[in-house]
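Sequences listed follow chains A and B, in order. When you number the first sequence by our numbering, it's gap-free, plus one each residue, and the end is 316. When you number the second sequence by our numbering, it's gap-free, plus one each residue, and the end is 632.
What the hints contain is simulated information worked out from the structure, not anything from laboratory work. A hint or two may mislead.
Claimed, not checked - Calculated from the model, a selection of chain B residues having no Cβ within reach of chain A, i.e. all distances over 12 angstroms: (1) Gly336; (2) Met370; (3) Phe395; (4) Leu398; (5) Gly472; (6) Lys512; (7) Ser513; (8) Asp610.
Claimed, not checked - To give an idea of the interface, some chain B residues facing chain A are shown, with a C-beta separation under 10 angstroms as derived from the structure: (9) His361; (10) Ala400; (11) Leu585.
Idealized CB from N, CA, C, for every residue including glycine.
There are 2 protein chains.
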Amino acid sequence: MSGGEIRERDLIWRISEILGGVDNDDCALIEAGERYLVATTDMLHRQTDFPDIMNPWQMGWMAVAVNLSDIAAMGAEPFGLLMAVGLPPEADLYFIDELFSGFRDCAAFYGTRILGGDTDSHQELTITGTALGWVERYLVLRRSGAHPGDLLCTTGSLGGAGGGLYAWQEERLDSPFIEKLLEPEPRLKEGRALAKSGAVTAMMDNSDGLALSLSDLSAVSRVGFLVYEERLPLAEGLEEMVGRQRAVEMALSAGGDFELVFTVQRERLEAARRACKLTVIGEAVEEGIWMERDGERRRVEARGYEHRIGKFGNRK
Amino acid sequence: MSGGEIRERDLIWRISEILGGVDNDDCALIEAGERYLVATTDMLHRQTDFPDIMNPWQMGWMAVAVNLSDIAAMGAEPFGLLMAVGLPPEADLYFIDELFSGFRDCAAFYGTRILGGDTDSHQELTITGTALGWVERYLVLRRSGAHPGDLLCTTGSLGGAGGGLYAWQEERLDSPFIEKLLEPEPRLKEGRALAKSGAVTAMMDNSDGLALSLSDLSAVSRVGFLVYEERLPLAEGLEEMVGRQRAVEMALSAGGDFELVFTVQRERLEAARRACKLTVIGEAVEEGIWMERDGERRRVEARGYEHRIGKFGNRK
């Protein structure tokens, strides 16, 4: 059985066992006085992670954004990133300038900066970003903590990045979904405000698709989820472009949206609403992951962004 | 001009300019109350960074060790690492077990641990480690700070990893230098003790070779160095294996030794000696990097580990 064939969960379980920990979150948590230091790392490759039409500035932006999204998912505030870059032989100075400007601009957009890094030569462009942040101990949000009866919510809209992928494959390069795919905007402000609201019980990002996020939240919180199909906030214009069924499928399983998916105590929904714009898409139940349409329920498969093997994390 | 052809210094200068900072150290420094958080990242590839004879456990050990060496060079104490791994299709479960055990064992050997990480699929094994540590503000050691007249010192011996590379190429696989090459031991204890000694003015590691370290220290501290050839602590048995001239060349330019190179105030040499075993190999001078033998001086070229493009770092 090779790396490509090993099932994600088996691999993550094995790695967690070897490393002596099993808690999985978007970031590792390190105790530091009254705060936690949160830290996360993500490796991206030219062929598997960056659509062909992406320019080098967008690759830089993306490599920073994916890591900041993990910081957002903990309710934390970023204070810097390290970027390790394997540069291919064809990378010229223009490419390098644009790539590193993309790093800088995405970090600056979110009030943070690139602290340092490493560069070397590699056949294929490979970028590993590491983001660091702080969060007060009493504010940290984790994948664990959801209880049956909690409301299931999401920021923003769903399926837009999937629509971008579709538009790209259909060569409809003027589609507004393309930018959504190429220049994602992680929800740092929203994550922080939700943490401060005191209303949220569990949270993560949906960068690999909503279905995988629900599967992960479900496994760690030991709850199930029921999603009401008609409540999914489909990205504007998505249904018109691809039809209802495919739009719902994209909202569930397409990666790249970088929204926050979280559970809220029912009686505190108003506090969560004051924190940021959100949509209630369902609720936490005892077990299983279900989608309901016209009163009928079907099981949701844990499918999402295919290249992912997965993140692992553990803490003291 | 492509990534492979761009001169290291030009590239690092350009990147520093784009990112808005120029301080280069082994780690980025982040203010955190009375301490600094230190953070460093290193990307390693199967073909360019791991000798063919390395087993997967040793690859794991190495990927952690290179990062801990950067923590050591700041006088800091590590508190954890993140490991991002691109696994090639041929990586089976045995390989994965051994690799991650290597991560775990190297971290544990130095009293620290793997906090989390990321795995995905890639054509070639690629590992990016990120190490995090703490150092008191008043103890931190940097590449800047050396003054003319300071004594130039190194921990341990020099050229052993170069000897390992030679023995490997000569197929002398029973050579004790092979282990030195494949299982490096960063000088964390020594780095910490040297920081506490109050005697050290500047420090970095020599993972890319002594000559490159001197070049880097020279550039940041704005001093020169004079090295006395007969004082170089050549690894035991190296001269017998490769001859005097080649042994000296290896001590200067071969990468992989992971010793600490540092400058000490002359009047505090005894305090540094109490901190750890060290060899005085020369002194800081006004300008240039020189090697003296039998009263004759020659310039030392800034040559070292060839695959490196380089690290960049900046701080507030």
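Status of each hint after checking the structure:
| no. | hint | verdict |
| --- | --- | --- |
| 1 | Gly336 | violated (7 angstroms) |
| 2 | Met370 | holds (18 angstroms) |
| 3 | Phe395 | violated (6 angstroms) |
| 4 | Leu398 | violated (4 angstroms) |
| 5 | Gly472 | holds (24 angstroms) |
| 6 | Lys512 | holds (22 angstroms) |
| 7 | Ser513 | holds (26 angstroms) |
| 8 | Asp610 | holds (39 angstroms) |
| 9 | His361 | holds (6 angstroms) |
| 10 | Ala400 | holds (4 angstroms) |
| 11 | Leu585 | violated (32 angstroms) |
Going down the numbered hints, you'll see the structure goes against 1, 3, 4 and 11, while the others check out.
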